[in-house]
Amino acid sequence: MSLHYLKDALAQGDTEALIRYVRLHLGDGNEAQGRKEIDKAWIEALKPLLDVPPTDRAFIHKTLTSKDPATLAHLFFDLHFYLVKQSGEWIHDGNL
Amino acid sequence: MQRAIERRGIPTVSVTVALDVTEHVKPPRAVFVPFMMGHHFGVPFHHDLQRRIILTALDRLTMAERSGDIHALPVTWAQARREGVVIERAMGIRK
Amino acid sequence: MMATSSDTGQLRPGIWTTVNERYPGSMISKPDTVPLATLRKPVAQSRLAFVSTAGVQPKGTLPFDVVHPVGDYSFRRVPSIAEPADLEIHQLKYPTAGANRDLNVIFPIERLRELTDEGMIGALTPDFFSFIGYNMDPERLEQTLAEEIAEAVVAEGAEAALLAAA
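Chains as they are written, first to last, in the numbering used here: chain A, 8 to 103; chain B, 8 to 102; chain C, 168 to 333.
Hints listed in this document are in silico derivations from the structure and should not be mistaken for laboratory results. These figures come from a predicted structure and were not determined experimentally. Backbone N, C-alpha and C define an ideal beta-carbon position, used for all residues, glycine too. A few of these clues could be false.
[Claimed, not checked] Result set (EDC-like, lysine to aspartate or glutamate): computed pairs, CA atoms no more than 16 Å apart in a straight line:
hint : chain 1 : residue 1 : chain 2 : residue 2
1    : B       : Lys33     : C       : Asp199
2    : A       : Lys47     : A       : Asp85
3    : A       : Lys14     : C       : Asp304
4    : C       : Lys208    : B       : Asp66
[As the list claims (entries may be wrong)] What the simulated footprint calls covered on chain C by chain A, stretch by stretch (three residues with Cβ under 8 Å from a Cβ of chain A suffice, anywhere in the stretch; the number is not a length):
hint : stretch
5    : 188-199
6    : 262-275
So here's chain A without its partners, still in its complex pose (with noise of 0.2 Å):
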């Protein structure tokens, strides 16, 4: 999608459209494949965090209070293809 056509859903409300791209870009350009990306990060986000070890929970405050919002919304795009990567199982490989 042109950012044009992705700005044009926003200001319409088009959230079909726009969580569409999502899973497309996080699917290697497949909607299916990218939901099944979606949740696969959200299981490996949980998997470390079962054995409750220590985690800096200062550094992510610190983070979360003095960054910009573009800035962690960057990140979550980041964290997702991190977590994806943890997995194991990388589609991200231009075959799709």
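Start from chain A and add chains B and C according to the hints.
Frame of chain A; chains B and C shown alone:
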């Protein structure tokens, strides 16, 4: 991109695996190879093929007569891969 | 002979249509062509630049932003004397199986050096140029990144340019 460079008086040629995209974008000169995306210059370790694609492209800098020229190389992906396997066997990196 | 997509064996047909269906408006389509520039000297006496969308960059430099939903509109300089071992690829959305074993399949830096050493190419520009092909704002690509790279290619003293879009 290619157009921006050409407009500055520097002749350009691109190598493409997506002929339909190239037909839409209409770069000044292009060489088409029917290869897998990301493999514009052929297969690993196939130096002759990699060189041939580069030299064919550079030839178009003087041979192409009109803008939008697309020259198809008479090669196939299957043949390139077969040759690649032979080369890798000779190198001892594939059984 | 002029090739057309209907009579040649494009390995993966309909890329433009497929991508444009998935990402409406992201694909460029031009109604016209630009006038050809003339090569002033034979290739064997000309300085050549290489421009790639493969996301190749020197190891240790800030990775291309492959996660941003709108894309990355920056480019990297890759010294034409760089060794493949000193380079890495940061780009999603195209198959890198071959490039991971031999970078020359998408970024033929060693072949270009050989051809220069053999006198088939006059010289190489000190730097080559690399960016990533994933971007959702074709206007911005054309108005900023394309112009910036074109300026850089001129500044490198290039007399001809070879491009490859991954």
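Status of the hints after comparison with the structure:
no., hint, in the structure
1, Lys33(B) - Asp199(C), "holds (7 Å)"
2, Lys47(A) - Asp85(A), "holds (14 Å)"
3, Lys14(A) - Asp304(C), "holds (11 Å)"
4, Lys208(C) - Asp66(B), "holds (13 Å)"
5, 188-199, "holds (count 5)"
6, 262-275, "holds (count 3)"
Checked against the numbered hints above, the structure violates none of them.
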